[in-house]
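Protein chains in written order, with my numbering: chain A, 1 to 81; chain B, 1 to 271.
Where hints are given, some of them may not hold.
[Claimed, not checked] Below 25 Å or equal to it, Euclidean Cα-Cα: the simulated DSS-like pairs (lysine-lysine) are:
| # | chain 1 | residue 1 | chain 2 | residue 2 |
| --- | --- | --- | --- | --- |
| 1 | A | 36 | B | 86 |
| 2 | B | 109 | B | 148 |
| 3 | A | 10 | B | 12 |
| 4 | A | 36 | B | 109 |
| 5 | B | 71 | B | 86 |
| 6 | B | 109 | A | 19 |
| 7 | B | 149 | B | 109 |
| 8 | B | 12 | B | 126 |
| 9 | B | 209 | B | 233 |
| 10 | B | 71 | A | 41 |
| 11 | A | 41 | B | 109 |
| 12 | B | 209 | B | 148 |
| 13 | B | 126 | B | 149 |
| 14 | A | 69 | B | 233 |
| 15 | B | 86 | B | 153 |
| 16 | B | 126 | B | 64 |
| 17 | B | 71 | B | 12 |
| 18 | A | 19 | A | 36 |
Hints listed in this document are in silico derivations from the structure and should not be mistaken for laboratory results.
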Amino acid sequence: MINILFDDSKCHDPRDCRKCMDACPEGVFMTYPRDKREPGKAAGNWAIMPSFIKLCTGCRICEDVCPTKALTVSIVEESVA
Amino acid sequence: MCEFCTQHGEGKIWYLRLENYLEERLATDEQRQFPQNLYENLENWAAHSWAAVNAVDDPGELVKIGFEEMKKEHYGQILPLEDVEKIFDMSLNMIRIPCPCRLALHGVKEHRSCYHVVATPSNFWKNMFDQWPDISAELDVVTVEEAKKDFQKFDEAGLIHSVWSFGSPFLGALCNCTPMDCLSMRGLFYGGQRPFFKAEYVAAIDAEKCIGCRECMTFCHFGAITYSSSSEKCMVRQMTCFGCGLCRTACPNDAITLLDRNAIPVLVNEW
Ligand code: SF4
Ligand code: SF4
Ligand code: SF4
Chain A
1 MINILFDDSK CHDPRDCRKC MDACPEGVFM TYPRDKREPG KAAGNWAIMP SFIKLCTGCR
61 ICEDVCPTKA LTVSIVEESV A
Chain B
1 MCEFCTQHGE GKIWYLRLEN YLEERLATDE QRQFPQNLYE NLENWAAHSW AAVNAVDDPG
61 ELVKIGFEEM KKEHYGQILP LEDVEKIFDM SLNMIRIPCP CRLALHGVKE HRSCYHVVAT
121 PSNFWKNMFD QWPDISAELD VVTVEEAKKD FQKFDEAGLI HSVWSFGSPF LGALCNCTPM
181 DCLSMRGLFY GGQRPFFKAE YVAAIDAEKC IGCRECMTFC HFGAITYSSS SEKCMVRQMT
241 CFGCGLCRTA CPNDAITLLD RNAIPVLVNE W
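Model the full structure from these sequences, guided by the hints.
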């Protein structure tokens with residue numbers, strides 16, 4: 001099973017960086033606002049998550065491109081029962 | 001005819017019926033609330049929905065069920081440039097906003113390729129978007145001529161055109177996208193699921209005119225075109241073709257035309 005862990009303190013606004021989103025060949029990442037739009041108020045507090053994780057191949061291209069090392073690809077070996 | 005043409009088209013292609021662009025089509029409060037609810041939280045909702053789908057063992061099955069549900073509210077169809085232009089000719093108010101899918105999937109804030117149209121004088125869409133400063137700041141009011149020119153450029157850039165309902169059959173948006181850029185087309189990566197119909201058309205290559213350059217293949221997002229080294233020509237796999245018409249735009253020798261899907265026996269039920 002593949003998991004991608006984010007250290008949010010190192011990734012401020014994914015929209016200003018975009019490196020992992022543009023580099024991932026499988027399109028695994030999405031950015032989203034934690035605060036939704038309201039009348040007179042823009043969507044805000046943008047974060048990132050690996051929404052399409054089932055498509056991840058574990059290639060680690062995203063780790064290489066992330067300038068702040070905010071993400072870690074963790075590959076958990078399935079235990080054979 | 002696709003299911004929606006039968007239900008909402010009254011003998012016509014559903015998206016070419018003027019009535020489906022009238023604000024009155026949003027008959028119930030629930031329907032009126034749908035676009036509002038969708039856009040105020042779109043990126044957040046989509047990120048969490050796709051994450052939930054990816055948490056189960058068989059995402060394809062869940063995506064299929066979810067897309068079937070979308071028929072009630074937000075469903076689409078692929079269409080070629082000439083049909084987009086027919087819709088623009090019926091529209092009274094037209095705006096362009098940055099594509100919310102590209103924002104959510106690539107963090108791109110200003111890809112202004114999402115058009116909202118309405119055939120009543122009300123300016124329904126602009127009024128809605130104007131309440132949110134982030135969308136309002138990037139919103140343009142466009143004329144029919146401008147919109148047509150923009151779509152020609154999107155076509156030449158190889159972007160697929162599609163039309164979308166907001167509380168079906170009320171139609172309100174025209175998009176320009178690719179599977180990698182579109183929150184709905186991403187379903188194609190999960191066993192070919194999608195919340196939109198194929199176009200009313202299917203592409204065909206005239207073997208007399210084809211020079212085998214393979215330009216058409218570079219424009220097809222669906223892998224519907226194959227090349228034969230025996231004939232040194234390309235051909236369209238009709239069951240795979242979505243009828244977007246982009247290959248026709250790419251062809252330097254005018255070898256490609258769009259045929260009526262409904263006139264081809266096996267494709268009549270292939271939407
Ligand atoms: S490991 Fe590779 S496939 Fe997985 S998210 Fe990173 S770049 Fe994408
Ligand atoms: S073959 Fe042509 S019309 Fe059919 S899906 Fe591909 S690009 Fe579109
Ligand atoms: S682009 Fe036109 S001429 Fe070139 S291979 Fe395709 S159909 Fe043939």
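Comparing the hints with the structure gives:
{"no.": "1", "hint": "36/A - 86/B", "in the structure": "violated (35 Å)"}
{"no.": "2", "hint": "109/B - 148/B", "in the structure": "holds (23 Å)"}
{"no.": "3", "hint": "10/A - 12/B", "in the structure": "violated (54 Å)"}
{"no.": "4", "hint": "36/A - 109/B", "in the structure": "holds (16 Å)"}
{"no.": "5", "hint": "71/B - 86/B", "in the structure": "holds (23 Å)"}
{"no.": "6", "hint": "109/B - 19/A", "in the structure": "holds (14 Å)"}
{"no.": "7", "hint": "149/B - 109/B", "in the structure": "holds (22 Å)"}
{"no.": "8", "hint": "12/B - 126/B", "in the structure": "violated (28 Å)"}
{"no.": "9", "hint": "209/B - 233/B", "in the structure": "holds (9 Å)"}
{"no.": "10", "hint": "71/B - 41/A", "in the structure": "violated (30 Å)"}
{"no.": "11", "hint": "41/A - 109/B", "in the structure": "holds (17 Å)"}
{"no.": "12", "hint": "209/B - 148/B", "in the structure": "violated (28 Å)"}
{"no.": "13", "hint": "126/B - 149/B", "in the structure": "holds (21 Å)"}
{"no.": "14", "hint": "69/A - 233/B", "in the structure": "violated (48 Å)"}
{"no.": "15", "hint": "86/B - 153/B", "in the structure": "holds (17 Å)"}
{"no.": "16", "hint": "126/B - 64/B", "in the structure": "violated (32 Å)"}
{"no.": "17", "hint": "71/B - 12/B", "in the structure": "holds (19 Å)"}
{"no.": "18", "hint": "19/A - 36/A", "in the structure": "holds (24 Å)"}
When the structure is compared with the earlier hints, violations turn up for hints 1, 3, 8, 10, 12, 14 and 16 and for no others.
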